[in-house]
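Enquirer: Using the sequences provided together with the hints, build the complete structure.
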Amino acid sequence: MPPSLGGPGFSAAWGAIMNKKRENSLIFWLFLAPVLFAFLMVEIIPFLMGAWYSFTNWTSSARIDGGIRFVGLDNYIGSFKDPAFGYSFGITLVYTVMNMVFINFVAFALALLVTSKLKLRNIYRVGFFVPNLIGGLILGYIWQFVFNNAVPALGKIVPFLSPLSASENLILGNNTAALMALVAVGTWQYAGYVMMIYIAAIENVPVELHEAAMIDGATPFARLRKITIPMAAQAFTITMFLTLVNSFKQFDVNVSLTSGGPSTMYQGKPILGTELLALNIYNTAFLSNNLAAGQARAVVFFFVLAIVAIVQVSVNKKKEIEL
Amino acid sequence: MNDQKKGVWVAEFGTALLFVLFLLPFGLVLINSAKTAFEITQYPMALPSDWGNFTGNVVKIWTSEAIRYPSSLLASFLVTALSLGAINLLSAQAGWVLVRNKTRTSSAIFLLFIAAMVIPFQIVMFPLLTWFRLVSKFTGIPLLRTYTGIVLSYVGFGLSLSIFMFHGFIKSIPLELEEAATIDGCKKHETFYRIIFPILTPIHATVLVLNGIWIWNDFLLPLLVLGKGNRIQTIPLAVSNFAGAFVKQWDLILTAILLAMIPVIVFFLFAQKYIVKGMVAGSIK
Numbered sequence: 082m083p084p085s086l087g088g089p090g091f092s093a094a095w096g097a098i099m100n101k102k103r104e105n106s107l108i109f110w111l112f113l114a115p116v117l118f119a120f121l122m123v124e125i126i127p128f129l130m131g132a133w134y135s136f137t138n139w140t141s142s143a144r145i146d147g148g149i150r151f152v153g154l155d156n157y158i159g160s161f162k163d164p165a166f167g168y169s170f171g172i173t174l175v176y177t178v179m180n181m182v183f184i185n186f187v188a189f190a191l192a193l194l195v196t197s198k199l200k201l202r203n204i205y206r207v208g209f210f211v212p213n214l215i216g217g218l219i220l221g222y223i224w225q226f227v228f229n230n231a232v233p234a235l236g237k238i239v240p241f242l243s244p245l246s247a248s249e250n251l252i253l254g255n256n257t258a259a260l261m262a263l264v265a266v267g268t269w270q271y272a273g274y275v276m277m278i279y280i281a282a283i284e285n286v287p288v289e290l291h292e293a294a295m296i297d298g299a300t301p302f303a304r305l306r307k308i309t310i311p312m313a314a315q316a317f318t319i320t321m322f323l324t325l326v327n328s329f330k331q332f333d334v335n336v337s338l339t340s341g342g343p344s345t346m347y348q349g350k351p352i353l354g355t356e357l358l359a360l361n362i363y364n365t366a367f368l369s370n371n372l373a374a375g376q377a378r379a380v381v382f383f384f385v386l387a388i389v390a391i392v393q394v395s396v397n398k399k400k401e402i403e404l
Numbered sequence: 168m169n170d171q172k173k174g175v176w177v178a179e180f181g182t183a184l185l186f187v188l189f190l191l192p193f194g195l196v197l198i199n200s201a202k203t204a205f206e207i208t209q210y211p212m213a214l215p216s217d218w219g220n221f222t223g224n225v226v227k228i229w230t231s232e233a234i235r236y237p238s239s240l241l242a243s244f245l246v247t248a249l250s251l252g253a254i255n256l257l258s259a260q261a262g263w264v265l266v267r268n269k270t271r272t273s274s275a276i277f278l279l280f281i282a283a284m285v286i287p288f289q290i291v292m293f294p295l296l297t298w299f300r301l302v303s304k305f306t307g308i309p310l311l312r313t314y315t316g317i318v319l320s321y322v323g324f325g326l327s328l329s330i331f332m333f334h335g336f337i338k339s340i341p342l343e344l345e346e347a348a349t350i351d352g353c354k355k356h357e358t359f360y361r362i363i364f365p366i367l368t369p370i371h372a373t374v375l376v377l378n379g380i381w382i383w384n385d386f387l388l389p390l391l392v393l394g395k396g397n398r399i400q401t402i403p404l405a406v407s408n409f410a411g412a413f414v415k416q417w418d419l420i421l422t423a424i425l426l427a428m429i430p431v432i433v434f435f436l437f438a439q440k441y442i443v444k445g446m447v448a449g450s451i452k
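Those protein sequence lines, which keep their order, are chains B and H.
Residue numbering for the first sequence is 82 to 404, as defined by this note's numbering.
Residue numbering for the second sequence is 168 to 452, as defined by this note's numbering.
The hints are simulated quantities; they were obtained by calculation from the structure and are not laboratory data.
Footprint (simulated), chain H over chain B, 3 or more residues, beta carbon under 8 Å: (1) 113 to 122; (2) 205 to 212; (3) 381 to 388.
Backbone N, C-alpha and C fix where the C-beta goes; we use that ideal spot for every residue, glycine too.
Expert: This is the structure in structure tokens:
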């Protein structure tokens, strides 16, 4: 209790304030409790467990109370020595960079088309956006059918495409072609979504800027380069980030389109030719039954993603100011 | 015809062609759902000889024990609806108290939620399973292969972005509104449910869309928490299970895919405006 200053009236008022405060902090914790609980259960505790497990000989059959032994950096060293991991790393970088370039290029071109005066532009917008609504797993199966059945059939019908109909020329049967197929599907999947972000940016450019430039005799291309692109700089930062993170984490399409295949040789070891990092992590843990190694790779994955994303955003932010 | 007009026609025609090519894969799914397995391998690009096959294929998928389509649809619906309900209510509550309490604890908690957005699912997914198994062992509450476990997971992984969205919006609501309610004798929690919660409608729509599309289509989390071929399986799990068991039987796989896409497409046609707006808003924030 505070020292009584002004008799009973004052202490009643003080009591009311204290009640208010208590009510406030009660509500604060009551309202936060459910999310804090969920957060602790699925993010914090598994994150800390995972950090620890990556330094142990953890397997799926091991129990926490016994059988888990500290092995230092063995899982990390083993992963870096595994050609399959290095290969996955390499093709994931290639995939991510190609995806970023293609998605953003296609999306920006589509956005320019559907913000012009085309008659059916609203229908086009919806159509280009639709693939994004369907899950990557299902999209991958659809494209597996396209590459394995529809494309060879096309080769039979169209004379100059006839090599496509030969079974040894199946797109998904060749490493490089299959990786390009993954990029094509990734572009198809995300371009419509990224297009919507560009549309918002392009429509935010004040009409007066274009009118003034047209009076000064600027060509459409000059207006695109000097007005639209600089004004959309902030959107580029966002779309680059989104496509970078989404491509780097790609799993669903990889599983259903190629399942990581076809097999190939790399540094004298048979490996899967289109196994992106997320799939490599999953397969290491479950197919090779080596959870600890899978976990160590996930930790590496996390750090690489975080560093690359930070670099990308800061580079783009700098560009935003320059433009 | 002058040059400019010609240019307009080229753009018009080119975009239309692009549009058709873009949607062609879906068209292939549709026409091949109405063929027999033999017809698909012979003429995958042709129109079906008899659309009557379509009903037959749909009935086969609908009644197939391997895909259990009706129960998978129900499971997908329940998982999505329960998770969305929980995420929206709980993140709105949390966002509100985090805005209205300007203490150091409050900002530290908010920062923690935001920081968690950079954590990829891959780094927590394996220990999550061990941890869930451990919790179930000690509390007797099953978390793996149950609605409880998967809804809890979606709340945990979805709350960061959702709290962030609510937080941003609530900051712009004038405090006077709440003070007026307090003076009128409204209790603190009543102020939230009666005054603030209804104002949040536009953000609720955005958060519903963002999380809804993610949860409905998600594959990896259900694959781990629910597992393949168990009692509860969502549509993506059912499709992958089915495609794995009926390799190359494209008549059935494509029909299953078509049935899996229909709910999303129908929903999209009704809520198109909100979905596009929500997804763009979610990316920009």
